[in-house]
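Participant: So the chains spell out like this:
Protein chains: 2
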Amino acid sequence: MKYPRGITPPSEGVIKKKRIINKKGNAANRGMVFENDINASNDFYLKHNRALISKRPTPINIVKVDYARGAKIKEAYFEKQSTTDYNGVYRGKYLDFEAKSTQSKTSFPLHNIAPQQVEHLKSVIRHGGIAFFLINFALLNETYLLSAEYICQFYEEQPRKSIPIKDIRAKGILCKESFLPRYDYLAAVDEFYFSKKEK
Amino acid sequence: MKYPRGITPPSEGVIKKKRIINKKGNAANRGMVFENDINASNDFYLKHNRALISKRPTPINIVKVDYARGAKIKEAYFEKQSTTDYNGVYRGKYLDFEAKSTQSKTSFPLHNIAPQQVEHLKSVIRHGGIAFFLINFALLNETYLLSAEYICQFYEEQPRKSIPIKDIRAKGILCKESFLPRYDYLAAVDEFYFSKKEK
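Protein chains in written order, with our numbering: chain L, 20 to 218; chain F, 20 to 218.
Chain L on its own, in the form it takes in the complex (with noise of 0.2 Å):
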């Protein structure tokens, strides 16, 4: 587990989507490297037994395969994530969230959630889960979990088509960044939904 800031154990899956990422330039990139932050995060958390958090495939449609050359994909698309990135099974409770990084200093855009994640949150919080974004602010090196209700709710009523950073600083916990894991959003899940204490 000695791979520095933005580096995931070398994974099929993951090297290839990043290849494929990468030409779609920075912002994407940027996003990447968040991403895969996470990604070394959970594999943190599930070495020293914390979580199990894990980050759903990409959904591909598939349209044609060739047998003869053991089961070969030869042409596919990728399709839209309608749920979020990740979930999984912390302190017996079930979590879901969404990573995502801005390159904004002053806001997070709603223009970033789609109207099924929102649907697919509210039905996480319907069932008891714990559900929340991470929202990475690259150039500000600042990143907080902010809670799906409170999102869900800014989304609906939309006073604006972005999030202030002064809300998302005042309702959202700050996640504390080290070597490993990068970033340990698990104490601010603790601090949010494990300490009692309202926001």
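Bear in mind the hints are in silico, worked out from the structure with no lab data behind them.
It is possible that part of the hints are untrue.
No copy labels: a pair is met if it fits in one copy or bridges any two.
As the list claims (entries may be wrong) - Below, simulated DSS-like cross-link-like pairs (lysine-lysine); rule was C-alpha separation at most 30 Å, straight line:
no.	residue 1	residue 2
1	83	141
2	74	119
3	91	119
4	74	141
5	66	124
6	91	180
7	119	83
8	195	83
9	99	74
10	83	99
11	195	66
12	195	124
13	66	91
14	185	93
15	93	195
16	141	190
17	74	124
18	185	91
19	119	66
20	141	124
21	83	185
22	190	91
23	83	180
24	185	66
What you are looking at is a predicted structure, and each value in this text was computed from that prediction instead of being measured.
Fit chain F to the given chain L structure using the hints.
Facilitator: Here is chain F on its own, set in the frame of chain L:
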């Protein structure tokens, strides 16, 4: 939600996968029928606000992508699921399970279980989640919830290479079958995990 047994609503992924697996022959085919029935049960549960449970997408190893044609995947291969097929949230708890169909009338062969799945299930239990197998005896029309605790112990001690059906009948919970949900496995979860009775 008026789909007969074995037929799920026509979402792209399911249809394509079905077409693929059909070529593998009858056993895989019947496994697919069971999977589709579980998916339909999950859709029913979601619609009726009972639980939020979804199938993990099959991980795919992508080798070649053509960006000139809108990110068309030109070469990729199916990968083995290293965890389980399903997870989600029910009554605030994290739920994680694998659904397997067997043609045997006498036992459930252990070769249906991969070592990394046993590790995954043990990790779920360690973190306070609910973990189990749904085992469908296709030729008997009987489906059982069998706890991961029991299965992991059997797997590690391996007194036999398969779990006899009489043990599954004694230690598992029979899932009621109906039109919708096809398999009411949450009733079995209630009975086993929430009623405080020891089996």
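Participant: Confirm or reject each hint.
Facilitator: Cross-check of the supplied hints:
no.	hint	result
1	83 x 141	neither (36 Å within a copy, 37 Å between copies)
2	74 x 119	both (13 Å within a copy, 23 Å between copies)
3	91 x 119	between (33 Å within a copy, 25 Å between copies)
4	74 x 141	both (20 Å within a copy, 19 Å between copies)
5	66 x 124	neither (34 Å within a copy, 39 Å between copies)
6	91 x 180	neither (44 Å within a copy, 32 Å between copies)
7	119 x 83	between (32 Å within a copy, 26 Å between copies)
8	195 x 83	neither (45 Å within a copy, 38 Å between copies)
9	99 x 74	both (14 Å within a copy, 15 Å between copies)
10	83 x 99	both (19 Å within a copy, 19 Å between copies)
11	195 x 66	within (19 Å within a copy, 38 Å between copies)
12	195 x 124	within (19 Å within a copy, 55 Å between copies)
13	66 x 91	neither (33 Å within a copy, 36 Å between copies)
14	185 x 93	neither (48 Å within a copy, 45 Å between copies)
15	93 x 195	neither (44 Å within a copy, 41 Å between copies)
16	141 x 190	within (18 Å within a copy, 36 Å between copies)
17	74 x 124	within (27 Å within a copy, 37 Å between copies)
18	185 x 91	neither (50 Å within a copy, 41 Å between copies)
19	119 x 66	both (24 Å within a copy, 28 Å between copies)
20	141 x 124	within (28 Å within a copy, 42 Å between copies)
21	83 x 185	neither (49 Å within a copy, 43 Å between copies)
22	190 x 91	neither (48 Å within a copy, 41 Å between copies)
23	83 x 180	neither (40 Å within a copy, 37 Å between copies)
24	185 x 66	neither (35 Å within a copy, 37 Å between copies)
Comparing the model with each numbered hint stated earlier shows that hints 1, 5, 6, 8, 13, 14, 15, 18, 21, 22, 23, 24 do not hold.
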